[in-house]
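**Student:** Converting from the sequence shown to the numbering used here requires adding 88 to each position, the first position being numbered 1.
Treat each hint with caution, since some may be false.
Said to hold, decoys possible - Keeping only pairs whose Cα atoms sit at most 25 Å apart, straight-line, the calculated DSS-like set for lysine-lysine is:
#1 Lys216 - Lys200
#2 Lys203 - Lys255
#3 Lys216 - Lys203
#4 Lys238 - Lys209
As the list claims (entries may be wrong) - Label-pair restraints from in silico Cβ distances:
#5 Pro152 - Asn211: 39 to 49 Å
#6 Tyr248 - Thr173: 36 to 46 Å
#7 Tyr236 - Met169: 14 to 24 Å
#8 Phe230 - Arg162: 29 to 39 Å
#9 Asp159 - Ile223: 24 to 34 Å
#10 Met169 - Lys216: 36 to 46 Å
#11 Asn150 - Thr217: 33 to 43 Å
#12 Phe171 - Asn211: 49 to 59 Å
#13 Leu249 - Leu166: 38 to 48 Å
#14 Phe171 - Phe230: 33 to 43 Å
Worth flagging that the hints you see were computed from the coordinates, not collected in a lab. Every residue, glycine too, gets a C-beta built ideally from N, C-alpha and C.
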Amino acid sequence: LKGIIVGTLIITIATSFMSQLNYSVLNRVDGIINIFTGSGTENTSALLRFYMINVGWDYFCNRPFLGYGLDNFRNLLLLNMGFMTYSHNNFLEILVDLGLVGFINYYVLYFKLVKRFFSTKTNNITIKTIMMILIINLVLDFGEVSYYNKITYVYLILYYLAAEQLKRGDNIVKNLYKTA
89 LKGIIVGTLI ITIATSFMSQ LNYSVLNRVD GIINIFTGSG TENTSALLRF
139 YMINVGWDYF CNRPFLGYGL DNFRNLLLLN MGFMTYSHNN FLEILVDLGL
189 VGFINYYVLY FKLVKRFFST KTNNITIKTI MMILIINLVL DFGEVSYYNK
239 ITYVYLILYY LAAEQLKRGD NIVKNLYKTA
C-alpha cells in the first residue's frame, strides 16, 4: 500500500510537468529551432519571442548588476514594443528585472542541487525522478517565467530535502514510509 502511495505521488508530479509540454509549446519550440536553422516555417510566436530576447538582452546590458526592479520587463517592453507581457524566459526575466545579483542569488540553489544530485551515485528511483523533474524545470525556464509562481518554491523545497537525504545517505522512500 505504501509503495502504491509513493508511486502515485511520483507519477502525479511527473505527469504535472509533462502536461506542460502540450502541442502549443512543442510547436513554439519547433518555430524557434526553425529560426536558428533556417529550415521549416517560422511562426509569429517564435519570431516575437526571439525579438523579445534581443530587446531583453539590450536592457540587461544597460543595467547588468541590479536590473530594473521586480516585474519591470513588461513595462520596458511596453516602451519598446507597445504592449505589456512577460518575457517567456525565466533567465532573461530575472536578468532584466534583478540583474546579475538577483540571477546569481536565484540560480545558486539550482546549481548546488544539480551538483549534489550528479556528484552522488544512487540507484534510488525517487532521487532519479526528482533529478529528472529538476532538469525539466530548468529546461522549461527557457520558455516560461517561473519565479513568480509559488509552486516553484514548493518544488525547490522538495528538491532541497531530497538532496539533503541524498547527502546523509538516507533512504527517502523508507523515511516516507516511517511518516505515513
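**Student:** Please go over all the hints and tell whether each is borne out by the structure.
**Tutor:** Going down the list of hints, with the structure as the test:
Straight-line distance between C-alpha atoms of Lys216 and Lys200 comes to about 16 Å, which keeps the hinted pair within the 25 Å bound. The straight-line distance between the Cα atoms of Lys203 and Lys255 is roughly 11 Å, inside the 25 Å bound, and the hint therefore holds. For a cut-off of 25 Å, the pair hint linking Lys216 to Lys203 stands: about 14 Å separates their Cα positions. With a C-alpha separation of about 31 Å, the suggested pair Lys238 and Lys209 falls outside the 25 Å cut-off, and the hint is violated.
The hinted range of 39 to 49 Å is satisfied by Pro152 and Asn211, whose Cβ atoms lie roughly 43 Å apart. For Tyr248 and Thr173, the Cβ-Cβ distance of about 31 Å falls outside the hinted range of 36 to 46 Å, so the restraint is violated. Separated by about 20 Å at the C-beta atoms, Tyr236 and Met169 satisfy the suggested range of 14 to 24 Å. Hint check: Phe230 to Arg162, Cβ distance near 18 Å, so the stated range 29 to 39 Å is violated.
The beta-carbon spacing between Asp159 and Ile223, approximately 27 Å, falls within the hinted interval of 24 to 34 Å. Between Met169 and Lys216 the beta carbons are some 42 Å apart, a value that agrees with the proposed interval 36 to 46 Å. For the hinted restraint 33 to 43 Å between Asn150 and Thr217, the CB-CB distance of approximately 41 Å keeps it satisfied. In this structure, Phe171 and Asn211 meet the distance hint of 49 to 59 Å, their C-beta atoms being roughly 50 Å apart.
Taking 38 to 48 Å as the suggested C-beta distance range, the pair Leu249 and Leu166 conforms, at roughly 40 Å. For Phe171 paired with Phe230, a C-beta distance near 22 Å fails the hint of 33 to 43 Å.
The structure does not agree with the numbered hints 4, 6, 8 and 14 stated previously, though it agrees with the rest.
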